[in-house]
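Full structure from sequences and hints, please.
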Amino acid sequence: MGALTRAVRNVSRRKIRTFLVIIALSFSMAIMISIPAGIMANQEAAQSIIENYNNTITSMQEEINKTSTLIEISASSRRGMVGMPVPVFGREETFINATVIDEISTIEGVKDIVPFLEVSSEETTEETMSTPRGSFTISRPVYTITGVCLKSTFIDEYSILPTNVMDGRNLTEGDCGVIIISLNLSDYYSVYVGDKLKVCSETFNVVGVYNSTARTVYMNITDVQRITDNMGNVSRLDVYVEDISYVDGIAEVIEAAYPELYVTTYQDRLANLERTQAMYEATLENAESTISQTQAVAFQEILIAIVATSLIVLFMMLYTVRERTKEIGVLKAIGFSNWNVMSQFILEGILLSVMAGGVGTLIGIVGAPVISSLLLPSVNPFSTQQSGFPRQNINFGTALSQSVTVTPDPQTLLLAFGVFLLLGALGSLYPAWRAARTSPMEALRYE
Amino acid sequence: MSNIVLETENLEKVYAIGRRKINALSDVNLRVNKGDFVAIMGPSGSGKTTLLNLLGCLDRPTNGKVILDDVDVTRVQEKALWKFRKYKIGFIFQTFNLLPYLSAIENVELPMEGTEKSKSEKRKRTHELLEIVGLSARKEHKPPRLSAGEQQRVAIARALANSPAILLADEPTGNLDVKTSFEIVRLLSKLSIIQRTTIVMVTHDSNVASRAGRILFLSDGRLLNREKKGMHLLKGDLTCPHCHKPTQPDHTFCPRCGKKLD
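In order, the protein sequence lines correspond to chains A and B. The numbers in my numbering rise by one with no breaks, and the one at position 34 of the first sequence is 968. The numbers in my numbering rise by one with no breaks, and the one at position 154 of the second sequence is 429.
Worth flagging that the hints you see were computed from the coordinates, not collected in a lab. Backbone N, C-alpha and C define an ideal beta-carbon position, used for all residues, glycine too. Do not rely on the hints blindly, as some may be mistaken.
[As the list claims (entries may be wrong)] Subject to a maximum C-alpha distance of 20 Å in a straight line, what follows is the list of computed EDC-like cross-link-like pairs (lysine to aspartate or glutamate):
hint	chain 1	residue 1	chain 2	residue 2
1	B	K417	B	E406
2	B	K354	A	E1176
3	A	K1132	A	D1163
4	A	K1045	A	D1163
5	B	K296	A	E1376
6	B	K535	B	E458
7	B	K309	B	D345
8	A	K1045	A	E1176
9	B	K358	B	E282
10	A	K1045	A	E1091
11	A	K1260	B	D334
12	A	K1260	B	E446
[Said to hold, decoys possible] Simulated coverage check for chain A against chain B, where a stretch passes if three residues somewhere in it have a Cβ under 8 Å from a Cβ of chain B:
hint	segment
13	943-956
14	1263-1275
15	1370-1380
Written out as structure tokens, the structure reads:
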């Protein structure tokens, strides 16, 4: 019959009290697990966002550098920069008449003109957007149809088609009646290579699937013009000039000749990139500040959990010591030393902590996402479902569209369990000390 | 080595209640030899329990000495007194004071916790003690399932666990009926004779006290200068319960019928 067995018997003989104390303590433990897990998940998400941001900015920079001789001409202002996806929010689409191509090609220094026709799908989907001012629902086209001029020189020289085809093949010169689709769209419609997809009124063979989170269909520009009843229209022209020194001059000529069109050069794109960089850096700073505030709240909550745990153990053990005063007197009368008595009560406090710690760990593992979202309101400031990180019109990759997964890691669990046991021991220290200091004679008289 | 197990010299205990001082014990000189069965009698408030608490190292005297097994325990530091309570003294209480969540066997084993005895030695000793007090059959029962007399027997076995130099019994029959009181005091009496256990028993019951070898009287905190010899043994204590023939204190089995003696 050791002290541990006696501790187990004592803890288990008052079942309802023990149960209630364990429940209360286990919630403290669950909080101690969930909050650090939430904070860590937040930090990981922030790190992922920053990496994505850096990668995107770098690739945009490279793209801008590669296209220094490119002048973009579009019928509307919504397309800002090379390399950025086109956000389509159901705005009325405007086009450029293809005759403009012949006119621009006569300007000295123009090397090639690559036409594009981008049209939104007729089918739309409803999406809920959350903002600091509340949620609202918008109607978005399911996908974008991009028509490209499938000349082999354009395909080879100007990367007008997606380069990351995962399945099937890419479009080639002379392709007609065939399409390649993005992976997201393939998943959306469950349409794969070899299947057919109805676009507007016509059915097209899917010859390739490329990796992208956007929903886009690529096809020959003449097909798009036909099925969207846009014969002779394009939505964008990429004008390549012989040398970078011609860019400003040619851009000025085009702007003067076609004031209704939007002309964008390398300089514009660079300035735009710098503005975007500044905007996102400010946003990231805001996000970091949000995380700091969340961490401060988390720290306070953990502190409250720690104090609550210690107080619960302290009061429970003080009550136990008071209740068992006579037993303490008996133990001392039959030869238990102060340390024997003290260790008995500390052991009982630790035992309660172990039991509550076990239950709390289970609650923490299962309930960490819920607990952390309840206690840390901004646990996921980067999620599309949360406020705090405006998406603007740049997609920083998957991290923005994924929600943060809050899973306590083994180190957090071990650390929280260790801290919890320590709190159990500390909480029972004073009651145990009081028990040990009790005079056996007075304790034996206690009724 | 001296035959004296316990000795007090000019023992005095004064309680202060505010400015008022109450002399609970005054000038108590007592000597108990090995194997003595001493009963201390006196009316309520005469200082019997105070004396027992001082003898049992549960309290400190205001003046005087308590010499237990040749050691003046009044000079021993408070934090070291547990050793004397563990190895030199066995306590028997009026209210038994068994731990209700432990079985009889576990209660008896309790004082042996932390001693050098191995687990099997402890278990063997416990069985031996429960056999002596006649509770082998009920060793797994917890106190609430034992009668008052059985609980006191377990308490006696617990007090004997570490083979103490002296057994201190505070009104051991105070909570028992007449028949059970008789059984308990007979058990103490037998322990004193057969095992030469030194016993100091406080009681206000003259019938119980009469079973001791010596009876001392305490009045207003002073030991009266009269000492009475008790009957110590009643007829039948040392006769075989089976064949009713006389036996000797050191006999475990009856020399006549060969049956085991209680």
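Hints, verified against the model:
1. B:K417 / B:E406: holds (17 Å)
2. B:K354 / A:E1176: Violated: K354 of chain B and E1176 of chain A sit about 100 Å apart, past 20 Å.
3. A:K1132 / A:D1163: Within the cut-off at roughly 16 Å; holds.
4. A:K1045 / A:D1163: Violated. K1045 of chain A to D1163 of chain A sits at ~29 Å, over the 20 Å cutoff.
5. B:K296 / A:E1376: Satisfied, since the Cα-Cα distance of roughly 19 Å is no more than 20 Å.
6. B:K535 / B:E458: This hinted pair holds, its Cα atoms lying about 18 Å apart.
7. B:K309 / B:D345: holds (12 Å)
8. A:K1045 / A:E1176: Distance ~5 Å between K1045 of chain A and E1176 of chain A Cα, so the pair holds.
9. B:K358 / B:E282: holds (18 Å)
10. A:K1045 / A:E1091: The hint holds at about 12 Å.
11. A:K1260 / B:D334: Holds, because 16 Å separates the two Cα atoms, which is no more than 20 Å.
12. A:K1260 / B:E446: Roughly 17 Å between the alpha carbons, so the hint for K1260 of chain A and E446 of chain B holds.
13. 943-956: As far as the segment 943-956 of chain A goes, the hint holds, because 3 residues have Cβ atoms under 8 Å from chain B.
14. 1263-1275: holds (count 11)
15. 1370-1380: This one holds; 4 residues, not fewer than the three required, reach chain B with a Cβ under 8 Å.
The earlier numbered hints that this structure contradicts are 2 and 4.
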